[in-house]
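From just these sequences and the hints, can you work out the full model?
2 protein chains.
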Amino acid sequence: MTRKEVPAVFTGLSAFPLTPLRDDRLDDRAYAGLITRLVTAGVASIGALGSTGSYAYLSREERARAAALAVQHAGETPVIVGIGALRLRHVLDAADDAQQAGAAAVLLAPMSYQPLTPDEIYRLYEQVTAHLSVPLVVYDNPRTTHVSLTDDLYAAIAKLPHVTSIKVPPLPADPAIARDRVTALRGRLPGHVGIGVSGDPVAAVALHAGCDAWYSVIGGTLPRLALDITRAPDAAAARAASDRLRPLWDLFAAHGSVRVVAAIAEHLGLTAAGCLPAPLRGLAPDARNAVIHALAEVDPTA
Amino acid sequence: MTRKEVPAVFTGLSAFPLTPLRDDRLDDRAYAGLITRLVTAGVASIGALGSTGSYAYLSREERARAAALAVQHAGETPVIVGIGALRLRHVLDAADDAQQAGAAAVLLAPMSYQPLTPDEIYRLYEQVTAHLSVPLVVYDNPRTTHVSLTDDLYAAIAKLPHVTSIKVPPLPADPAIARDRVTALRGRLPGHVGIGVSGDPVAAVALHAGCDAWYSVIGGTLPRLALDITRAPDAAAARAASDRLRPLWDLFAAHGSVRVVAAIAEHLGLTAAGCLPAPLRGLAPDARNAVIHALAEVDPTA
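If you're matching them up, the sequences are chains A and B in order.
Following the working numbering, the residues of the first sequence are numbered contiguously, the last one being 304.
Following the working numbering, the residues of the second sequence are numbered contiguously, the last one being 304.
If you're looking for bench data, these hints aren't it; they were derived computationally from the structure.
Keep in mind that a hint or two might mislead.
To be verified - Per the computed footprint, the stretches of chain B lying under chain A, defined by three or more beta-carbons under 8 Å from a beta-carbon of chain A, are: (1) 81-92; (2) 110-117; (3) 120-131; (4) 276-282.
Said to hold, decoys possible - Partner residues are not named here, just some residues of chain A that face chain B (Cβ under 8 Å, in silico): (5) Y59; (6) R91; (7) Y115; (8) D121; (9) R283; (10) P287.
Please read these numbers as outputs of a predicted model, since none were measured by experiment.
Note that the Cβ used here is the ideal one computed from N, Cα and C, for glycine as well.
If you want it as structure tokens, here you go:
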């Protein structure tokens, strides 16, 4: 399902763990445990400090330490480190720190406060890629950045040096429409630039519609369930594996995926209670019970 | 047009200056000049580190220094300091720094990356106000925060200690509809909590619809033109003064107000070129010329 021009690190399951806090400080031990869990499961790459990893909330020092911990515990598994920030200077600082930590690649979303113009977005990527020595994944996440990258912007940014993958928002759930969308986008990108999908509920469809990678939230906390989808022998089996997780997808839609995986991680003892950065809060008791119930349904051995 | 229960600092023209950079560093001298200009013009209060003042892009150190400079150069004019951040811990740090600098009040927008729930927003204000010793202005700016505060949330937050004003998004331009909106909102708020409007083009209407204050972008750079509106003897005169600035309002809508006032400040020599934090960029030459042309039209003496 992937093309050979795309480097292996940008194919298959890229798992995005939480960056857990304890008493509002980085929980080094829990974070190391989450990374080790992903390595043991055999994910293709680890997406440290993605949206699920709360990069937008952490200080430079916390981010640098998390990047170093992730690389240290990932061993041979490549680590992609999120470097987004509202200010260009802070993005460049995060890029330096990620490279210093040994990141295999970096991931950059165009965070915004004042709405950005297309020219500002392009020049952000231009200036960051001019500064980099590792590959860059373009991270298009309109739900959090409030920036929507057009296909024209994808095409322009994909020509910049170091750009090697684009993490696109959820694709349509209809397989034929999803395939048309991937084919159209592929036509706008150089052959060496992979396409990775976010939006866990449509990942099974997207991977068989031609996406190279799945940048996965659930894979960062329950990697085995995500690998059941990426390792399925065909599209039907992948969709069946995904459909079994429907109770989780419904909770993602209701509460936001990060709150749901935080509740799972806390329930499984992978992190302390209250692992998200305030003002984000853990789920209320009713929702937490629904998550625990759904988890028991989709993964009785968890 | 204002009620006597509302403290004077939260009435009339509150002017929001840029926080100008020079070579991507805080331009202390230009900032002092902007503050002095506002004091000389006679604004009622200064809104340092608002959205126009790029608070969301600056480091803790830059924000602390800007707050101190603003208070130092404001003399007797009260300074309201923006303390918003994505993380609660960073909001509390900014509150400490603002109080240490001598801020008369603080201004808090619920910045978001992951969308916030109503409960998360309420608890953010609850935790910050429990920590404060100065008044707080609730800053509702959905265009940048991507959070919309409901009237129920306004009402709940307005009961918290230290809450003294709410900076609401632009009101409808129709005077009767604007008055109905202010009256309805007033009915939900304690008498000591003022209502201030943002959205410069509708400020003349809003002030005569019952708003106590105008939290003003244009007032931060061209205070005299803003005072022409707030000091107008009646509603018709205020609207006429505002209508004279229509060329600027149109440019605000086209390019974002912060880019337009940055172009004006740079043109007038109040700041260095490139005073905004990247990835924000100054206007392209055509748009910049349009701004200079509009400025000459609305204020030939500028």
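Going down the list of hints, with the structure as the test:
1. For the region 81-92 of chain B, the proposed coverage by chain A is satisfied: 5 residues have a C-beta within less than 8 Å of a C-beta in that chain, meeting the threshold of three.
2. With 5 residues bearing a CB less than 8 Å from a CB of chain A, the region 110-117 of chain B meets the requirement of three and the coverage assertion stands.
3. Under the rule that three or more residues need a Cβ within less than 8 Å of chain A, the assignment of the region 120-131 of chain B holds, with 6 such residues.
4. Three residues within the 8 Å Cβ limit are the bar, and the region 276-282 of chain B against chain A gives 4, so the coverage statement holds.
5. Checking A:Y59 against chain B: minimum C-beta separation of about 4 Å stays under 8 Å; hint holds.
6. The restraint placing A:R91 at the interface with chain B holds, with a minimum CB-CB distance near 6 Å, inside the 8 Å limit.
7. Taken as an interface hint, A:Y115 checks out: its beta carbon lies about 4 Å from the nearest beta carbon of chain B, inside 8 Å.
8. The restraint placing A:D121 at the interface with chain B holds, with a minimum CB-CB distance near 7 Å, inside the 8 Å limit.
9. Hint status for A:R283 relative to chain B: holds, with the closest Cβ pair at about 5 Å, below 8 Å.
10. Interface hint at A:P287: violated, since its Cβ lies 13 Å from the closest Cβ of chain B, which is beyond the 8 Å cut-off.
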